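*Asks:* So you can see what is in the structure, the chains are spelled out below.
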Amino acid sequence: AQSVAQPEDQVNVAEGNPLTVKCTYSVSGNPYLFWYVQYPNRGLQFLLKYITGDNLVKGSYGFEAEFNKSQTSFHLKKPSALVSDSALYFCAVRDTNYQLIWGAGTKLIIKP
Amino acid sequence: DTAVSQTPKYLVTQMGNDKSIKCEQNLGHDTMYWYKQDSKKFLKIMFSYNNKELIINETVPNRFSPKSPDKAHLNLHINSLELGDSAVYFCASSQAINSYNSPLHFGNGTRLTVT
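Line by line, the protein sequences give chains A and B. No gaps in the numbering here: position 99 of the first sequence is 99 in my numbering, and each next residue is one more. No gaps in the numbering here: position 96 of the second sequence is 96 in my numbering, and each next residue is one more.
The shape of chain B in the complex, shown without the other chains (with noise of 0.2 angstroms):
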């Protein structure tokens, strides 16, 4: 089974259009993440949601949009793509947000490419 799965795996569309991606995570996990991976593998974290409350919201334009329907789910909302989107984006969850040794559980990424 799958711990944290996100689609689509991957992505292509042209500039200033929506797109989606969606997560889901079946470990029980309260706290989860999306992070960006660049072209240079530089991870970068965009938000992190705790029991589908909004705990983290790094500097990210306001065209990112992320919405937690429960806390097994965290999907992220692009409007107005633009070329820098182009990356790869990764869900991500952990036990809980205010432990120091939880690990975090990654899905495979959802590749986005922005023409």
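Pulled out of the complex, with its shape left as it was, chain A reads as follows (with noise of 0.2 angstroms):
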């Protein structure tokens, strides 16, 4: 069955340190992946997405996400976190019928 898996539900980082978020899936043929954002109160913004290519992908607000076909992964990564980087983050796949598959979501809190 095709599927996306964020792990954690919760990720708790300090301001200024480096961030991850983890996403893992499984879907037949080749990944589209992609990562949004929710702010409190607003709709899902489109980060980045994997199509091919390069497997570092560099997105808005300096986030970055890692794919790893062998782990299945996209981790979406930034080096320096900031308070403002505090939301909900999304991780999504194309599944063959060009359907998204959605993760359930992370809360990324950033602390002072």
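Mixed in with the good hints, there may be bad ones.
[As the list claims (entries may be wrong)] Computed far set for chain A versus chain B, every beta-carbon distance over 10 angstroms:
id, residue
1, S28
2, Q38
3, R94
[Unchecked claim] Lysine-lysine pairs mimicking DSBU-like chemistry, simulated, CA-CA at most 30 angstroms apart:
id, chain 1, residue 1, chain 2, residue 2
4, A, K111, B, K40
5, A, K49, B, K19
6, B, K41, B, K52
7, A, K22, B, K52
8, B, K52, A, K107
9, A, K49, B, K9
10, A, K22, B, K40
11, A, K22, A, K111
12, B, K40, A, K77
13, B, K22, A, K58
14, B, K22, A, K107
Rather than coming from a laboratory, the hints here were simulated on the basis of the structure. Quick caveat, the model's predicted, so the values are computed rather than measured. Quick reminder that beta carbons are idealized off the backbone N, C-alpha and C, glycines included.
Both chains come to you apart, so use the hints to assemble them.
*Replies:* In structure tokens, the structure reads:
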């Protein structure tokens, strides 16, 4: 079955430290992977995507994600966290019918 | 300019009432969606339309009826509202239904509270 897992409900990071939000996937065929961020009382905003090519993808707000085919992972990273990065982060993958399969979301809390 | 806009932002109503949520996108996209986000923040697709045609209709009670007068608009009408319908409803759009790499663009949501 095609699926996306975000194993952590919440990630706590001190401001200025690097952050990682984990995502693993299971999909038939080539994976097309996305990260979105949701700030309180707002809709989801697209951060970055992996389609093909370089395993390190750069996105908005200084975020990047590393695609690892052997581990079927697409972890979201940022070298130095900001308090304003605190939000809910969703990983998603396109299935073979072009539909997005969503992870359950990870709440990221950056403490000053 | 707001790319995907939905109204109202908040909707409080009583059980049994009928209500509508409107959505418009000015991105020139072919495909529009309705998603439901529950209190645990899980996202569930409800419907998708491509060029005014219904493409996806997930297991949603038939009290929910989407309508797309043109490809820039997708409205959601809900009949006989129930307590369990309380959630945040998001409208979204993307360039094309059959594109693997098109991201979705979301509206800011409509928080529906049924009392």
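*Asks:* Please list, smallest to largest, the hint numbers that this structure does not respect.
*Replies:* Violated hints: 2, 3, 5, 7, 8 and 13; rest satisfied.
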